[in-house]
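Read off the chains here:
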Amino acid sequence: MRRLCIWATALLAAGAMLSASAAAATDPAPGLSATVDRAQISTQLGRSFEFRSTITNSGPNAASGLVAHLSVLSVREEPYVDPEDWSPQRVVFLDPIAAGGSRTLRWRMTAVDAGAFGVYVTVLSKDRSAAPAPNTPTIALRVSQRRTLNSGGILPLAIAVPALLGALAIMLRLRRRG
Amino acid sequence: MSAAVEARGIAKRYGTQVALEDLTFTVAAGEIVGVLGPNGAGKTTAIRILTTILRPDRGSFSVAGIPSTEPARIRARVGVLPESAGYPERQRGEEYLRFHARLFGHSSASARAVARALLEEVGLAERGRSLIETYSRGMRQRLGIARALVNDPAVVFLDEPTLGLDPAGQREILARVRALARERGASVLLSTHLLDEVEENCSRVLILNRAHVVAEGTVAEIVRRAAAARRGRIRVPPEDVERSLQTLSGSGAVQEVVAADGAAGWLTVQLAAPASGSADASLNAVVGVLVDAGVPLLACELEGARLSDAFLAVTGGA
Amino acid sequence: MSVHAGARERGGQPGWVVVLEQELRELWVAGRGLVLCFALSILLSALAYLAATNQALNFLEQRESVNLVVQVGMIVGALLALLAAADAISGERERGTLESLLVAPVSRRQLAGAKLLAALSLWLAAYVILVPYAWFLARDLGIVGTALVASFVVGTLLACFLASFGLLVSLFASSNRVSLSVSLFALLALFAPTQLPGGARQGWFADLLLHVNPVTSGERFVNRVIISGSGWGQEFGWLVSPLVAAALFGAGAVVLASRLRLGGGGAG
Numbered sequence: 154m155r156r157l158c159i160w161a162t163a164l165l166a167a168g169a170m171l172s173a174s175a176a177a178a179t180d181p182a183p184g185l186s187a188t189v190d191r192a193q194i195s196t197q198l199g200r201s202f203e204f205r206s207t208i209t210n211s212g213p214n215a216a217s218g219l220v221a222h223l224s225v226l227s228v229r230e231e232p233y234v235d236p237e238d239w240s241p242q243r244v245v246f247l248d249p250i251a252a253g254g255s256r257t258l259r260w261r262m263t264a265v266d267a268g269a270f271g272v273y274v275t276v277l278s279k280d281r282s283a284a285p286a287p288n289t290p291t292i293a294l295r296v297s298q299r300r301t302l303n304s305g306g307i308l309p310l311a312i313a314v315p316a317l318l319g320a321l322a323i324m325l326r327l328r329r330r331g
Numbered sequence: 020m021s022a023a024v025e026a027r028g029i030a031k032r033y034g035t036q037v038a039l040e041d042l043t044f045t046v047a048a049g050e051i052v053g054v055l056g057p058n059g060a061g062k063t064t065a066i067r068i069l070t071t072i073l074r075p076d077r078g079s080f081s082v083a084g085i086p087s088t089e090p091a092r093i094r095a096r097v098g099v100l101p102e103s104a105g106y107p108e109r110q111r112g113e114e115y116l117r118f119h120a121r122l123f124g125h126s127s128a129s130a131r132a133v134a135r136a137l138l139e140e141v142g143l144a145e146r147g148r149s150l151i152e153t154y155s156r157g158m159r160q161r162l163g164i165a166r167a168l169v170n171d172p173a174v175v176f177l178d179e180p181t182l183g184l185d186p187a188g189q190r191e192i193l194a195r196v197r198a199l200a201r202e203r204g205a206s207v208l209l210s211t212h213l214l215d216e217v218e219e220n221c222s223r224v225l226i227l228n229r230a231h232v233v234a235e236g237t238v239a240e241i242v243r244r245a246a247a248a249r250r251g252r253i254r255v256p257p258e259d260v261e262r263s264l265q266t267l268s269g270s271g272a273v274q275e276v277v278a279a280d281g282a283a284g285w286l287t288v289q290l291a292a293p294a295s296g297s298a299d300a301s302l303n304a305v306v307g308v309l310v311d312a313g314v315p316l317l318a319c320e321l322e323g324a325r326l327s328d329a330f331l332a333v334t335g336g337a
Numbered sequence: 004m005s006v007h008a009g010a011r012e013r014g015g016q017p018g019w020v021v022v023l024e025q026e027l028r029e030l031w032v033a034g035r036g037l038v039l040c041f042a043l044s045i046l047l048s049a050l051a052y053l054a055a056t057n058q059a060l061n062f063l064e065q066r067e068s069v070n071l072v073v074q075v076g077m078i079v080g081a082l083l084a085l086l087a088a089a090d091a092i093s094g095e096r097e098r099g100t101l102e103s104l105l106v107a108p109v110s111r112r113q114l115a116g117a118k119l120l121a122a123l124s125l126w127l128a129a130y131v132i133l134v135p136y137a138w139f140l141a142r143d144l145g146i147v148g149t150a151l152v153a154s155f156v157v158g159t160l161l162a163c164f165l166a167s168f169g170l171l172v173s174l175f176a177s178s179n180r181v182s183l184s185v186s187l188f189a190l191l192a193l194f195a196p197t198q199l200p201g202g203a204r205q206g207w208f209a210d211l212l213l214h215v216n217p218v219t220s221g222e223r224f225v226n227r228v229i230i231s232g233s234g235w236g237q238e239f240g241w242l243v244s245p246l247v248a249a250a251l252f253g254a255g256a257v258v259l260a261s262r263l264r265l266g267g268g269g270a271g
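Chains as they are written, first to last, in the working numbering: chain A, 154 to 331; chain B, 20 to 337; chain C, 4 to 271.
Please note: incorrect hints may appear among the correct ones.
Residues of chain C placed beyond 12 Å of chain A at every Cβ, according to the derived structure [unchecked claim]:
#1 P17
#2 G94
#3 Q113
#4 F155
#5 R180
#6 S184
#7 A192
#8 D210
#9 F239
To be clear about the criterion: a stretch of chain A counts as covered by chain C if any three or more of its residues have a C-beta under 8 Å from a C-beta of chain C, and this derived list gives those stretches [unchecked claim]:
#10 307-313
#11 316-326
Because the hints were derived from the structure by calculation, they are not lab data.
Beta carbons: idealized from backbone N, C-alpha and C, even for Gly.
Chain A with its partners taken away, still in its complex shape:
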């Protein structure tokens, strides 16, 4: 019984140590965390929207060399997402954040495709490039379809305008010669 307790205690201690190191491995630059102000966004195709992300430095030292990067991905296979289409500014180089300080960034995006997407911000550290980067929670973005391309009527227009101009040109030319 006693031997069992010792082994259990040793196992628990080892487990705790492992957890601690794992937590340390996943733990961002000590004290850095990132949050967003919204959990989900619903919008229509073509509309613009905004959200804010806050990066907090809870560590004992100032955090410098930070880069915030906006990412967007589709939660389904279609459509293909090119982040460049969604926002012209996806990377922000941050000034040092003092210990205990925070920085809020405003991100503006345009919904260029319909569907279900995830949007999040990653904070990278240039100084500790090997360290895991803190991510904000993923914002669930739903973009509903909106009819933006109505091809009905293009053919008549495409024919009518040249036809009108051509007829006018011919008529005037004949009139001049007459």
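Once you've looked at the hints, dock chains B and C against the given chain A.
Below, chains B and C alone, put in the same frame as chain A:
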């Protein structure tokens, strides 16, 4: 009354090339003045300066009493047919004249009336609604003359108006030029190579050569000053014709002598160019030869030299 | 002649108005302008049809299609104005009709100004043709007003700049061929940087070049406003070059027109 055109010391250079030097002349109101000269003499440059297209480097001028310092006013009072006038091929003749009439301040209605009247005047009334591209060379020249008249000008400048025309066309154009001066009272400066026509139509002539004025005056004055009369007619008794022919043939005062009318005793004498003095002196020498030979002289007359002779003489045959 | 008797009936219009009317008549009634517009409409019809019937285009690509049609209309309209202006004086010189105009009581500035305005009518006509196509493609994207206003403003500035440039070349060119060649080459040289790949547009020199060049600058402005949805104030920096170019070359053309000579190259 002020002169229609007055030029004083006009000079113009194109780079180092002298186009005109000290051009000085006047044109009286109602006069037709012929401007002659070899190619490159400065005729077109002179016309372009007087019509304010070019600015002279030196000198001054006035046209219709308006000084050269007021070019816009001069342009309003002159009509010009340029040497190498082009015409918009896709316009109709009447449309073309209407446009130019409106440029000179006519309203649309007035311009239409002016255009039709001018087309009538130059004999293009029936072709007024045709495209200019269908016009012959002669018709285009007539159209150009009509355009030069849209503003009822006081002075008309015609630069080679008969260029490229057949003899009939040339005569027609020059007839219109005479009518211009006669019926409208306009002064005309006519630049042309047709010396015969200048003799017939122009009251005065201005001859340019290598940028300079080399002769100015009436045709008779220029001929008298510039060229020796070359021909004379002498009448001797019929029985002395042969002797006269032999005597004159050997004389240095005569280039050629033929019996013009042997029965009547007339001899046509081609005089040699006098070493000095006038043509009269040449004929006097011929008379002296006959008198010395004892041939009675019944009559003698000097035939005037042509303008062409004078032209060649003053331009050095250029 | 009775029509000349007494004072000439006044009521004639200023010389530049007469010249402008005649130029417009030759351009539009004689049919040359309409043929050019017909060609433009064919091009726009093809582009608009391709864009409107491609359901695979995403929202952004649809905006890009609007931008493309608008830019083509703008650049072709400006090109037509440039070519008309480049022919304005050197063409008259070559056809032998300039001298007749110079002896008319119209100042050289008035003559050049009227021809410049007539050349700009080609841009206005191109814009009118562009409107239905832009409206059709942009209506469901909600950017009709943006597209039409931006293209009108930038297109007008570019047309003024290029037409003035063409007129300046025409004033001094020794032949019409030289005038048209120089003008066309200049347009191509100004347009070429718009085709640079994105990477080549980085750096201070590229940035300066893109800002200074009125064509690239105008193209960038329309691009940003239509595709990215940026505000006018935000992108106003891209409008400065077309504004300055239009004003500078426009004023230059009018001022230097007084030096119009019968012969090209300042001769005479």
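Quick rundown of the hints versus the structure:
1. The non-interface label for C/P17 is consistent with chain A: the shortest C-beta to C-beta separation is roughly 27 Å, beyond 12 Å.
2. Every C-beta of chain A lies more than 12 Å from that of C/G94, the closest at about 19 Å, which supports listing it as non-interface.
3. At the 12 Å boundary, the C-beta of C/Q113 stays outside the reach of chain A, the nearest C-beta of that chain being 27 Å off.
4. Interface exclusion of C/F155 from chain A stands, the closest Cβ pair being 18 Å apart, more than 12 Å.
5. For C/R180, the condition that its CB be more than 12 Å from all CB atoms of chain A holds, with the nearest at approximately 26 Å.
6. The Cβ of C/S184 lies farther than 12 Å from every Cβ of chain A, with a closest approach of about 27 Å, so its non-interface assignment holds.
7. Every CB of chain A lies more than 12 Å from the CB of C/A192, the least distance being 29 Å, so the non-interface label holds.
8. Every CB of chain A is more than 12 Å from the CB of C/D210 (nearest about 16 Å), matching its label as outside the interface.
9. The beta carbon of C/F239 is kept farther than 12 Å from every beta carbon of chain A, the shortest such distance being approximately 17 Å.
10. Only residues whose beta carbon comes within less than 8 Å of a beta carbon in chain C count, and the stretch 307-313 of chain A has 5; three or more means the coverage holds.
11. Restraint check on the stretch 316-326 of chain A versus chain C: 6 residues with Cβ-Cβ distances below 8 Å, three needed, restraint holds.
Consistency with the previously given hints is maintained throughout, with no hint failing.
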